[in-house]
Structures are given as structure tokens and as C-alpha cells.
Amino acid sequence: MKKILVIASAGGHWKELMLLRPAFESENVKYVTTMKGLPEQNGIKNYSLVCDSNKNEKLRTIYSFIQMISVFVRFWPDIVITTGAAPGLLGLVLGKLFFKKTIWIDSVANAEELSLSGKISRKFADIVLTQWEQLADDKVQYKGSVF
Amino acid sequence: MKKAFVFVTTGTQLPFKRMIDIVDNWAATEPNVNVIAQTANSTESYEHITTVDFLSPDKYEEYTTTADVIVGHAGMGTIITGFEKNKPVILMARKFIHGEHRNDHQQSTVNKFDGIKGIYTANDESELNDLLLRYKELECASDANIESRNTLIGYLKNVIAEV
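Each protein sequence line maps, in turn, to chains A and B. Here the first sequence is numbered in our numbering, starting from 1 and rising by one per residue. Here the second sequence is numbered in our numbering, starting from 1 and rising by one per residue.
Hints were generated in silico from the structure; no laboratory data involved. Note that the coordinates shown come from a computational prediction; the quantities given were computed from them, not determined experimentally. Using N, Cα and C, we set each Cβ at its ideal position, and we do this for glycine too. Heads up, a few of these hints could be off.
[Stated by the list, open to error] Cut-off 30 Å, straight-line C-alpha distance, at most; resulting in silico cross-link-like pairs (DSSO-like, lysine-lysine):
hint: 1; chain 1: A; residue 1: LYS3; chain 2: B; residue 2: LYS95
hint: 2; chain 1: A; residue 1: LYS2; chain 2: A; residue 2: LYS139
hint: 3; chain 1: B; residue 1: LYS2; chain 2: B; residue 2: LYS136
hint: 4; chain 1: A; residue 1: LYS123; chain 2: B; residue 2: LYS2
hint: 5; chain 1: A; residue 1: LYS123; chain 2: A; residue 2: LYS55
hint: 6; chain 1: A; residue 1: LYS30; chain 2: B; residue 2: LYS136
hint: 7; chain 1: B; residue 1: LYS85; chain 2: A; residue 2: LYS36
hint: 8; chain 1: A; residue 1: LYS119; chain 2: B; residue 2: LYS95
hint: 9; chain 1: B; residue 1: LYS157; chain 2: A; residue 2: LYS45
hint: 10; chain 1: A; residue 1: LYS30; chain 2: B; residue 2: LYS59
hint: 11; chain 1: A; residue 1: LYS3; chain 2: A; residue 2: LYS123
hint: 12; chain 1: B; residue 1: LYS95; chain 2: A; residue 2: LYS58
hint: 13; chain 1: A; residue 1: LYS55; chain 2: B; residue 2: LYS2
hint: 14; chain 1: B; residue 1: LYS112; chain 2: A; residue 2: LYS123
hint: 15; chain 1: B; residue 1: LYS112; chain 2: A; residue 2: LYS55
hint: 16; chain 1: A; residue 1: LYS119; chain 2: A; residue 2: LYS30
[To be verified] Some chain A residues close to chain B (C-beta under 7 Å, calculated; not the full set):
hint: 17; residue: GLY43
hint: 18; residue: ALA111
hint: 19; residue: SER145
Let's have the full structure, built from the sequences with the hints guiding it.
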């Protein structure tokens, strides 16, 4: 069984991730999200919480990154998958650093252009997925969408 | 007669005063409706609706399960909740020009889901008000289009298998 670290911030990112859950539930999965009580809603026991952050909150981002390092090192995944947002990007950075497979799934909410985090992930992630066919290019792939 | 329950959500991050103001004004004219709004905003107070800054996942689950209508910012969380709970959903997009979000992606979201059964989109304050006035007539959303989702799930499974 492969170890997959699956990361999504609370809200739409998490909800989209839950719709994709059948893709990895036969593997050894650890979930990471940003809100207490959320994983339990979906009957998930193997999870960790990190604090949410965005590009305007440097200290929180650093704290979130430290939390993510701790989760990452203890679980030591083979694959890191995220639907966003900032904490997911931090997880992908760690994944790349340690030569793990890294997958960014941009939210279906982004139809005009990739999200900011998605654009950053584009520079280094192994696989970057958009859920909009017209946003696919030489690096970003369209392989279906939750809706 | 049991009062109808309208649940309003601005999501986990930012306030959306423009939407909440309209809902409050409408609620003033609807004595048979009970409105609870999650506003992400502790500084405003409202006369005709009950507000809370943020909700625990349990409370969110409770309110979205018991709501007759869900009204929300055009976030994917709101939309997916409507599909899951089979409720009518009224969406209003945050606009960058009003400082309501970092960009205008919610407008594209609204465009994508406009016209789908059970999803109602308001392009401005007056359209939101019109939809609220029709709240009793709105159809429920249901999650039907899963072909593209299964494609994506299948792709991810293959990628995982190859690692």
C-alpha cells in the first residue's frame, strides 16, 4: 500500500477533495486540513490539523509550514496530493524537496485562470491538474473535473 | 405554521456584507422565515436575522441539513453542500471591485453553475432580492453529473498505481 498525504483547507477545497476520495481510499492515506471537527464529519480518523494561511500572513504561513514539516516527516508519504490552498502548496514543496510524487488539483472554482497557489505549483509539481479544459497547456493537464 | 429556515453562509474566510445586508432587508418583510447567517464578520449587527461569525463543522452540518434554502457566496463549499443536501441554493459572486475577494473567480463559478437545476445565481443585489422573494418556488439541487468526476478519479488511481 502506498502512503498518500492528502491536503485540503477547510471549505470548498476540502469538499472537492472529499468528492475525489474514491481515488485513494484503498491506500494508506493521511489527511491534513485546517478546521477542527471537519475530518470527523467524513468519518476520517487518520488526519492532522495545521493552521490556515495566505500570502498576506507571513507568520502564520511559517507556523503552518513548521506544522506541515512535522506531519510530513512523521508520515513520510510516497505521494502528496492537494486541492489547495496555501497549506497544500506547502505540502507539495516538501514533497518535491524529498523526491516524492506531487500532485496539485486546482479547484473547479478557477475557470478563467489557475489559482495563485496553482500557478506556483505549476513551477515545480510533478502533475498539475485544472478542472477546465481551456486552461490546459504544456504543463497543466485536464483529466476530468468534480462537476 | 412552521417557519421556513433559510441558512446563509459567507464561507470560511471573508465577510460579504453586500449579500448579508440584502438578506436582512428581505427578512424584515418575511415574518414566516427564520434566517441564520454565518457572516465571518463580528463588527456588524443585524435586526432581522441571527448571525454568527463562524460555525463548527457540526453546526454547519446541522444548519445545512435542516435548511429549506441555502444562500451563499459563490464558493465551491456552498455549491457542493447544496448538491449533497439536495437543497435549493442561491449564489451571489463576490466581486473584486468591492474588495470582497482577491479576484473575480466567483463570477466564473456562477457562470458555470447558472442554469443547473436547483442552483440560482444572483448577479447583483436586486437579483438576490428577487430570488429571495421567490424562495418558496425554488427547486432542489441534486448531484447528477458524475461522469467527469469518475474520469478524474480514474486518472488519479492510475497515477497512484504507477508510483
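Going down the list of hints, with the structure as the test:
1. LYS3(A) to LYS95(B): 40 Å, violated
2. LYS2(A) to LYS139(A): 25 Å, holds
3. LYS2(B) to LYS136(B): Holds. LYS2(B) to LYS136(B) sits at ~13 Å (cutoff 30 Å).
4. LYS123(A) to LYS2(B): Measuring from Cα to Cα gives roughly 55 Å; hence the hint is violated.
5. LYS123(A) to LYS55(A): 17 Å, holds
6. LYS30(A) to LYS136(B): 43 Å, violated
7. LYS85(B) to LYS36(A): This hinted pair holds, its Cα atoms lying about 22 Å apart.
8. LYS119(A) to LYS95(B): Cα-Cα ~21 Å, so holds.
9. LYS157(B) to LYS45(A): 22 Å, holds
10. LYS30(A) to LYS59(B): 25 Å, holds
11. LYS3(A) to LYS123(A): 24 Å, holds
12. LYS95(B) to LYS58(A): 25 Å, holds
13. LYS55(A) to LYS2(B): The hint is violated at about 46 Å.
14. LYS112(B) to LYS123(A): 27 Å, holds
15. LYS112(B) to LYS55(A): 27 Å, holds
16. LYS119(A) to LYS30(A): Between LYS119(A) and LYS30(A) the Cα gap is close to 25 Å, so the pair holds against 30 Å.
17. GLY43: GLY43(A) check fails; min Cβ-Cβ to chain B is 12 Å, beyond 7 Å.
18. ALA111: With a minimum Cβ separation of about 4 Å from chain B (threshold 7 Å), the hint on ALA111(A) holds.
19. SER145: 5 Å, holds
Hints 1, 4, 6, 13 and 17 from the list above are not met by this structure, while the remaining hints are.
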